[in-house]
Amino acid sequence: MKRTIHPLLASTAAFALLFASCGEAPKASDAEDITEVVSVDEANENAVTSKLVKLDSEIFSLPSPVQTAVLLSKSEVAYNEALLNSAEKKTNYLSQSAQALNLGVYGADLAYLSNYNNAQLKLDYFKVVEELATELNIRNNIDQSIIDRFASNIDNRDSLYTLNANLFKAADQYLKQNDEEDVAALVLTGGWIEALHLSMEAATTNPSMRNRVGEQGTAVRSIVNLLKKSEEAATLELASKMAALADEFEGVNIFYTYVKPIPDASQRVTYLNSKSKVEISDEQLAKIAAQVNEIRQMIIQ
Amino acid sequence: MTTMTKHIFTLFAFVSMAFATQAQCEIIVDGCEEHLTEYISDGQFYRALLYNDQVAEFETTLFGGNTYRIAACSGEDDGNLIFRLYDQERNLLFSNAEFSNAPYWDFVVENSMNCTIEAQLDLNKQDSGCAVLLIGFKQ
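Protein sequences appear in the order of chains A and B.
Residue numbers for the first sequence follow the working numbering, beginning at 1 and rising by one.
Residue numbers for the second sequence follow the working numbering, beginning at 1 and rising by one.
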């Protein structure tokens, strides 16, 4: 049985819950995103009113650089060390935002390196990731076993994927629980742009990579929405560059056809059989590559 | 006790509850991660503090050729959180409410899709708390 609560108290409770959100006070922009919507309850088909909590600054999703590394591996893309951001440049990154962005960049490079045999380089990049995590006060909140297992699994690609993903999830969790959503967003942004950069060369010849690049429109729009809420000039400049990149993706055609999914309750799995097709021209790909390169240079300088 | 005093006590109770709920978030994550074994995390941690019939949502892209696992957790027990997956045309692809609020579900994705994931407390079980979603994938 549901309790009846005075609207004022209900509002107060909701505010208190939001206020307690990992020590962070609700931002004005968040309040703007709380929208009352009418949806249809699928179970009883009665129209019900729900509060949609669309907290863009808190809940967003970007493709994982590890997923890109997996696709590069499946596509048998040749190793190209020149694509990586040199580990030696780590000392250039002194501000918190530069460190956060490049933590993401080096994490994506590390995921890329997982596909190839170069143990020393993997260790070098892991060390850089660990050092940047330390400088961002994240390192102590990452399970030591992840760190320890990295060196002992240096030649095991699948283990490196898992450890890399777990390390960045731990970082994401720590930052979001400590009122550092903006830093978490920068880490993810750096990882996303580097993964896209690592994909661009292969995309010119490999259809799977080409499609994957074309499918990044939702991600870049999420990044723009996140970054433009910042009050830092450098982040706003990055948001502006990302908005220009988002514009390039507007021209990419994705044709989608819904097909009814098939659930298998016994296996707890649903087969999503909808069809989609990406159309991206060589010219569009070149423009996207140019924008990605410009943004990456801005990040890794 | 005056009405004002009652309201102050009630507010204090709600604020205390909110901070206790926050502490629960970390515990919930630990339990929820157990549902993602053998899957590679997408490297992100999705959480929202929900009250009553609030719905949290976010957009994501599920890439073709992958199998994803979405785990949805709230409170101490499995099955307190309802999650739904919609495609870009707002077709309902999945609701765990149709499967006894299953705390995790796998999705075999043929072609890439832009999706919206919604999460909402099952008010028959819980009317406030931390909602955690985790996403994993495998080749």
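No lab work stands behind these hints, which were simulated from the structure alone.
It cannot be assumed that every hint is accurate.
[Stated by the list, open to error] Some chain A residues close to chain B (C-beta under 8 Å, calculated; not the full set):
#, residue
1, Val70
2, Asp172
3, Met200
4, Thr204
5, Ser266
Note that the Cβ used here is the ideal one computed from N, Cα and C, for glycine as well.
Evaluated hints:
{"no.": "1", "hint": "Val70", "verdict": "holds (6 Å)"}
{"no.": "2", "hint": "Asp172", "verdict": "holds (5 Å)"}
{"no.": "3", "hint": "Met200", "verdict": "violated (17 Å)"}
{"no.": "4", "hint": "Thr204", "verdict": "violated (19 Å)"}
{"no.": "5", "hint": "Ser266", "verdict": "violated (11 Å)"}
Hints 3, 4, 5 from the earlier list are contradicted by this structure; the remaining hints agree with it.
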